[in-house]
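Q: Can you make the complete structure from the sequences, with help from the hints?
889 is the number of the first residue of the sequence shown in this note's numbering; add one for each residue after it.
These aren't lab readings, by the way, just hints derived from the structure by calculation. There could be a bad hint or two in this list.
To be verified - Quick list of the computed label-pair ranges, beta carbon to beta carbon:
1) Ala919 - Thr1172: 39 to 49 Å
2) Ala1184 - Pro1068: 25 to 35 Å
3) Gln920 - His894: 40 to 50 Å
4) Ala961 - Ala932: 30 to 40 Å
5) Thr1089 - Gln972: 52 to 62 Å
Treat the numbers as computed from the prediction; the structure is a model and nothing was measured. Each residue gets a CB set at the ideal place from its N, CA and C atoms; glycine is no exception.
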Amino acid sequence: MSDRLHTHYDNLKVARNAPPEVIRAAYKILAQKYHPDRNPGDAAAARAMKFINAAYEVLSDPDRRREHDEWIAANEADMARQSQAGKKDAHPHFPQGQTGGRPARAATSSRRRDSGEKPRGRAVTWGLIIAVLIGIYYLAMPTKKGPARVPYSSADPVQAEPAPPAYAPPLLAPNGQPWPAAAGYVRDYPILSNRGLSTVTIDNTQSGTAIFGKLNHLAGSGWTSVRHFYIPAGQQFTLANVDAGHYDVRYMSLDTGSLSRTESFYLQEIPGYQSTQYTTLTMTIYKVRNGNMRTATISPAEF
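A: If you want it as structure tokens, here you go:
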């Protein structure tokens, strides 16, 4: 992978902090240069114009530009983390502090206290002996027998509350179809947002539980479930040809019924002069919460 991320800013040849008027001016200049009317029959110019139009559509829309900026920041942060992977400090630092042992002055003081307290120690010893003898004397004296005390017990023992019924994993998918024999899409659910180039791989080799998951396309405060999939424990599944956009993944543990949602993420497609750059994302489901993606517990209404 290239060390530098190719973006729509590169296709318009503007800085990432360029104001809207600079973006419009850059688009006009490039459009005049590569417009098909000025370059009839020139396939390279037509291809360049396609990239320029795509870049301007994103950068001229404040919401889409913000999403593109967030995608750039996330990918560059990931590239930076990868570049730092494997680098370890060869000289670990240890905190400075006192070594073991007691200072000589404190030891001397302790010895003085021990030698000075011997007479008092003898007095305490004789006092304990006398107290023990008195106790033995009173224990040996006869006592009047009385009725034995019976430990208190409730007439009506407290009934333990019945344990809640154990969770039963569903035998069928919510739409009534059987679960696939291996990782894959659940039958009869529509496969939407399927004309893109990006891929999302769900790695369920670490969780120890089968999951039923949904890929959701986010729009404003709502969402649309565009893929429904089943992944047994120990397997993974790739959602292919996903359109560019804003998504999250929500899934149910079929062993416990718990519901979780990942953090949202962006899938981008950026045309380049040689090829189109797109997102390839892998997320791992772990037994403990927060694998390589932060997750949150959700309600059935949010699933």
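Q: Could you tell me which of the hints above the structure violates, numbers in ascending order?
A: The structure conflicts with hints 3, 5, although it agrees with all the remaining ones.
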